[in-house]
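Chain B is fixed; fit chain D onto it per the hints.
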Amino acid sequence: MAITDIKEYAHLTTEDVEQLAQGLDAIRADIEESRGERDARYIRRSIQLQRALAAGGRIALFASHNKLAWLSGTAMLATAKIIENMELGHNITHGQWDWMNDPEIHSTEWEWDTTCPGVQWKHSHNFIHHKYTNIVGLDGDVGYGIMRVTRDEPWETWMLGNPIYNMLLGTLFEWGVALHHIETAKIRKKEKTWAEARKDLRVIGKKVAKQAGKDYLIFPALTRRNWKHTLKANLTANLIRNYWAYMVIFCGHFPDGAEKFTVEEFENETKGEWYLRQMLGSANFNAGKFMAFISGNLCYQIEHHLFPDLPSNRYAEIGVRVRELCDKYDLPYTTGSLGRQYMQTFWTILKLALPDKLLKATPDDARETRSELKFRVREGLRESFIDPDTGKRRGLRTALRELRSGGLAAYQTPRPAAVDRPTEYPRFDLW
Amino acid sequence: MDSPLRSLARWSKAPTKGVQTAKSWVNVPRGLAARATTPLLPDDYLKMLNPLWSARELRGLIVDVRPETADSATVTIKPGWGFSGRYQPGQYVGIGLRIDGRWHWRSYSLTSIPRRDDKNITITVKATPEGFLSTHLVNGVKPGTIVRLASPKGDFALPDPPPGKLLFITAGSGITPVMAMLRTLKSRGQQADVAHIHSAPSADEVIFHDELRELEKTQPGYRLHLQLTETQGHIDFDHLADIVADWRERPAWVCGPPALLDNAEEAWKTEGCSDQLHMERFTIAATDKGGEGGTVTFAISDKTIEIDGATSLLEAGEKVGIQMPFGCRMGICQTCVLPLESGHVRDFRSGTEHREGDRIQTCISTASGNCTIKI
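Protein sequences appear in the order of chains B and D. Residues in the first sequence are numbered from 3 upward in steps of one, following the working numbering. Residues in the second sequence are numbered from 60 upward in steps of one, following the working numbering.
Looking at chain B on its own, in the form it has when it is part of the complex (with noise of 0.2 Å):
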């Protein structure tokens, strides 16, 4: 049932976490420190390319009619609305900019080109997400509500439907994101009423209206004979930015190797393992400089998770920092090509539409989640130690390694071969 202690789990004791933690409040300070001009100058030049982009945009969709117009119009509007999204409105509002003392630019003033109203994010994304992330029953991005994406959750009827959630949530993501404060999940529990619900709706309403009316109304319009290909480019730019801001998204907490967590580890929980449980419930997915950027650097999820307000350009260059310190302590760092850790989530979210005895594993050692008792059933592999010969740390990594390629078969305890598998159900879990 999820990692409840998480030092066992990492297999670290109480002094390497607190040493961890120092090694990562140092890169804090070092950027903090080093924060200046180029940075500022980033995130100016971010605007200005998504502001030009928009306005070209919405300049070409005046031709609408005309293919080549059609095209080129809705590629750059819906790569500005991109842009808006995550690299500027997620990134901003979540303060990695204040430091300027712009106001302009700055976490209290930003209100992002999207039907989700900016103060309900801050409370549900920021606030929610980053402190209780993917402790199951807390943080609500853990299925968003609608999904079971752990088998930590009991398995319900209407689970059943989770591939088709899935792809409706991919192509009204935006629409979903407006509706996250609404925490369905809660008012199904009763822990919400229905009048709490609607103070939010009419939040949302507002906002709601303010978008659909230039996207829908009064660009149209404004296009005149052209309204219905104008209609239907801003339709379909808001829906390519809907399926890639659901799949950077999707990528970067539902992979293999992003844990986790029950309620009792967070109640206990110390400075150096909230970093721990941020960084092992995260996964990142591997990125040049152009996707980076269209993914409002959220390719460095760990990164963000780590140190959510300081500036997404350097989350790179924390993000090597970072990988040392994964080797140092032989931690995971999760990390893969968006085609690979999509198809995971992807699985994930099939195979878990099917009511748990369809399935094998348990949810102490599932694909998308585990437990320290993952290791305490084979004797022999619980300890971490450093190796005398080699000077290296003996840790999860290597632990996590050596089970999967039954390089330490004999400390195991026997398990019938893959083929040797009952038939009966189909078998998710060989996958």
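Just so you know, not all the hints are guaranteed correct.
Which stretches of chain D does chain B cover? Using the computed rule of at least three CB atoms under 8 Å from a CB of chain B, they are [what the hints assert, rightly or not]: (1) 148-161; (2) 310-319; (3) 380-388.
In case anyone wonders, no lab produced these hints; they're calculated from the structure. Each residue gets a CB set at the ideal place from its N, CA and C atoms; glycine is no exception.
Same frame as chain B, now just chain D:
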């Protein structure tokens, strides 16, 4: 019932809440266009074409930096959209300058006077050793630089019409607000009886020296007494009558370093005519009266920072990225006032200590031990 036209105007303006304009009708087209640029304003796009075409934050373009003395300069600024050209002589303006990616703010007296034909404003700045921003403005800033502006404010202003007889006492860069008053009197052709005592170390260091001498020649009612402290010592308020015999009968405007203001306050109080005295503390006397420093917690923003006894709580808040309210940044305007939730802070001009529950001016207060401010 409002007329439909007025309701329509109000509806049109709705998205421009908080946007300053010189003329209020400008917000009608701005608000209408904002329906297409939401959540931004049209200004956010237009400023890419011309940095002055935005009223979201008031801006200005530095068009000229002219040295006045060895360590002072007059900076001419062309204000952008939204800056109202209406201000009174003696008022100050907030200037924000971007240095190494961060915006730094300070207030300076306007030395220009409102004119129909010339909307540019000027400030005259003296570089002070501890004044990070003033040094930058005098020596480092180039024409073409974009600055942020805050609308002119301040009660240290010359009434219109002016009293028949006036007294100005200024020292150092304290001349700047009074210069605006003198220029106003001249341009309006108001022949007031003006006695002006200005104190500076030497003639070379008198800002506007030539202009003052020129005024003396051309304005019949204007009398200037230059007190050059290197040879004559400081103004002796006990013998003020030796310079201006009828000083007690003159409404007085006094601007200069804290010591001068303290002496003036004392002199006017002794004579029982304090209501005649107008003063502007244009520098913060961050002296030995500072606090002991400590950890400041900003309760709502959930941020903390450790500061020494010379850093203001306002600067501390800005350092950790909080949008602190501020105006003059020198203890005059009360814009920056915030409630002190716990602990003690010290006013570093007077040395007065404030305790929890007090509403404090963050720009002139520093931590005296650990404290928590509600923002």
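We went through each hint and held it up to the structure:
Check on the stretch 148-161 of chain D: 4 of its residues sit with their Cβ under 8 Å from a Cβ of chain B, so the three-residue criterion for coverage holds. Here the stretch 310-319 of chain D counts 0 residues with a CB under 8 Å from a CB of chain B, which misses the bar of 3, and the coverage is violated. Interface restraint, the stretch 380-388 of chain D with chain B: holds (3 residues with C-beta to C-beta distance below 8 Å; minimum three).
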